[in-house]
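Trainee: As a plain string of letters, each chain reads:
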Amino acid sequence: MTGHVHRDDLGARLGMWLFLVTEMILFGGLFIAYSYMRYRYPAEFHHGGGELNATLGIINTIVLLTSSLTVVLSIVAIQKADKRKAIAFLATTIGLGLVFLVIKGFEWAAKFHHGLYPSAPHLGTLPQGEQVFFGLYFTMTGLHGLHVLVGISVLTVLARMVGTGSIRQDRYIHLENGGLYWHLVDVIWIFLLPLFYLAA
Amino acid sequence: MSGTHASTAPPSYLVDTGTRKGLMAWLTTTDHKRIGVLYLGAMVTFFMVAMGVGFVMRLVQLTTFQKLISAQTYNALFTVHGVIMIFLFVIPGLPAVFGNFFLPILIGAKDVAFPRLNLTSWYFFMAGAILAVLSLFTGGGAPDTGWSFYAPFSLKTGTNVSLAVFAAFVLGFSSMLTGINFITTIHRLRAPGMKWFRMPLFCWAVYSTAWIQLLATPIIAITLVLVILERFFGIGIFDPAKGGDPLLYQHLFWIYSHPAVYIMILPAMGAITEIIPTFAKRTIFGYKAIAFSSIAIAAVGSLVWAHHMFTSGMSNVAQIVFSLLTMIVAVPSAIKVFNWVGTLYKGSIDFQPPLLFTLTFIFLFCIGGLTGVMQGALAVNVHLHDTYFIVGHFHYVMFGGTVMGFFAALLYWFPKMFGKMYSKKAIYASWFPMFVGFNMLYFGMLILGMLGMPRRYYVHLPQYHTLHVVATVGSWFLVLGLLGFFATLLYAIFKGEKAEDNPWGGLTLEWTIPSPPPVENFDEIPTITAGPYVFPQEAQ
Amino acid sequence: MSDYTHDSHVSTEHAVAHPGYGIFIKVWVALVILTGLLVLSSHFGQSYAVWGLLTLTPIKAGLVFYYFMHLKYEGALLKGVVLITIGTLLIFFALLFSDVAFH
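Protein chains in written order, with the numbering used here: chain A, 1 to 200; chain B, 1001 to 1540; chain C, 2001 to 2103.
Certain hints may be false.
Said to hold, decoys possible - With a straight-line cut-off of 25 angstroms between C-alpha atoms, the simulated DSS-like cross-links for lysine-lysine are: (1) C/Lys2026 to C/Lys2079; (2) B/Lys1424 to B/Lys1495; (3) A/Lys85 to C/Lys2026; (4) B/Lys1021 to B/Lys1420; (5) B/Lys1195 to B/Lys1281; (6) B/Lys1495 to B/Lys1420; (7) B/Lys1498 to B/Lys1281; (8) B/Lys1498 to B/Lys1021; (9) C/Lys2026 to A/Lys80; (10) A/Lys111 to B/Lys1288; (11) C/Lys2072 to A/Lys80; (12) B/Lys1067 to B/Lys1195; (13) C/Lys2026 to A/Lys83; (14) B/Lys1498 to B/Lys1425; (15) C/Lys2026 to B/Lys1195; (16) B/Lys1281 to B/Lys1346; (17) B/Lys1425 to B/Lys1281; (18) B/Lys1288 to B/Lys1242.
No wet-lab data here; the hints were simulated from the structure.
Go ahead and model the full structure; you've got the sequences and the hints to work with.
Mentor: Set out below in structure tokens:
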């Protein structure tokens, strides 16, 4: 197919947003499950939340918020045709994403160490509401972590595309869409922080 | 290839024009028409398999056959029948086949918005299908939970639920990607002058459906993921032994699975709305009412899920709320039926096979719809819950509605898709046993359910035997009719007479282009100046 | 994924001047401050923590949506898509709690 191939950037962004709709509803289902169970076990959820390391949760929040900023700044850079800055911002984002995962890894490791994981013998001795709490904790942070991993991979590819010049000042829709995905991952964490670490 | 339109007509989409030939050309195509045909081939195959399974299930109810099929096998059979029919046929059915093939043509576009994503959806669909088939023969054997995978049984059973559930997850992904594609296509690719209220009503139906696909499917996706996590790691969210709640599973399952019913029926209604004006030779009665009722069905239909749970121990408040919402969703459906009949009234009826199946749709759908309203009433529901009445009801809606709508659409668009005409006599001949058998089978089930026959039982009490025999004999007629129907169409693809470009005298855009359509659909993108169904004799 | 062969639409969006670095850095500062408030509110006890969750978190998410995800600069279509999604989720919550809250 040669000839008149037109680009429809708004169409591409619409497609991406519709995909984000499915992601929002996907996590929405988990938030529904969370509130259902929290309503049923308020005291156990409170106690379960106390077991989590709030400091690490807050640090991770700042890490993700900052990574969200650097993604949007890389778009500004590409709009200004500043390729080097765009790549630097993206690299920062990827780095922060990895920092997030490492911190998360330490957190999970500590929970495993204390026997607070699904089907653990120790967890089985705790009240039922706390078992559900940790089931939800691992499911939701785990699924979120998976999204961070996917986001890091996508951003790595995008950084390469900026390097080769296939993403440039007059054609950066892929970067915008990749950024949208990363921001959504950030938004989900914005909700996870108070649900598990603070308000529980 | 574009830009070099020679004086000769451009080749049809069925001719390989690229570097790849034959099967490889089909498997790598991004042409929305070829993808539609790929879906059609796959789905008809799955339909035949699940039909065979249903046929065997009915034989079990003739007690002589119980020597051949054990109770455990029977559980696997109804699960497989449900999973295949629901996830591989009726949910993707009309949007994937006719939405893909005709949505771009009906709005005057050359393809969907994301052609490669469209092919990806098909591969997800096939991957899901293959996983579903694998789940029957691997692990602990075919799942025995019923298609609804209710917790806690689905968490505990030794059969291969995990893989079957993962298959449904993959199929859901395919469904969502198709939805994304269709919404973007309708928003961005309408031809000049194709305003929203000039779109054929099939497009409105597909549009509404696509929104439900996006807003509801992710809920089942996450629910199925939770079932898998529960089986592998014991996270305890649905498991009462660990503080979980099976009722939460039911809520999450039906938040998707009831709207899924409207994913199934809305596009069928859309196809029916295309067919009726063509054969009544007059414009549709109440265009906007039909368009908005599609949106209303999609919206309200997403809010009635808990009427599947009236006997599960919900709060009284929830029961009343969901009973009321269930009654309300009947209104937009009734608006559509009213408008279809209103269009036929005083029309110049041209009686052809697609119209016969359309009228069959309306008749059977009305029975299905009205029995649905009956179950929406709380007191009646307690009596009918989990009986054959439910089975009869949803077969009237799913089979009598969606599948008959699918058949009507297939008969209507077949000459356009393949450029061949089928034998109308053979279609009429296979309709008759189909219709008689259908009503023997499923009306028999309605009565059985009223009398108290529970669904999914391997054996039945003697007082139900006569009706079971009637239903089983009906299933034989039904299968006979279905085989005749598919054989007629298959024969027509290879040996049928060449079809005209506009055999039915339709006015929408697909009838302005050759049969079968050329690769790029339109030589030149048309400019639209009027609504879709303005017949000349009415303009006077 | 954005390529397709069609003659009629050429997107003219983004032809206008783009926002610079400054606005996004300001939004980031606001997000960090809101996170601080959220943490602070959780130290005053359960009910403050819940109120903090219900008010500050949506504001934070809204800022990310509106600025970082460029909704501010998009037309009605994309804004509508987001509103429909949020509305749907809220209705799902409300209907579910018609069961849960009256057990």
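Trainee: Hints numbered earlier in the text: which of these fail when held up against the supplied structure?
Mentor: Of the numbered hints, 10, 12, 15 and 18 do not hold.
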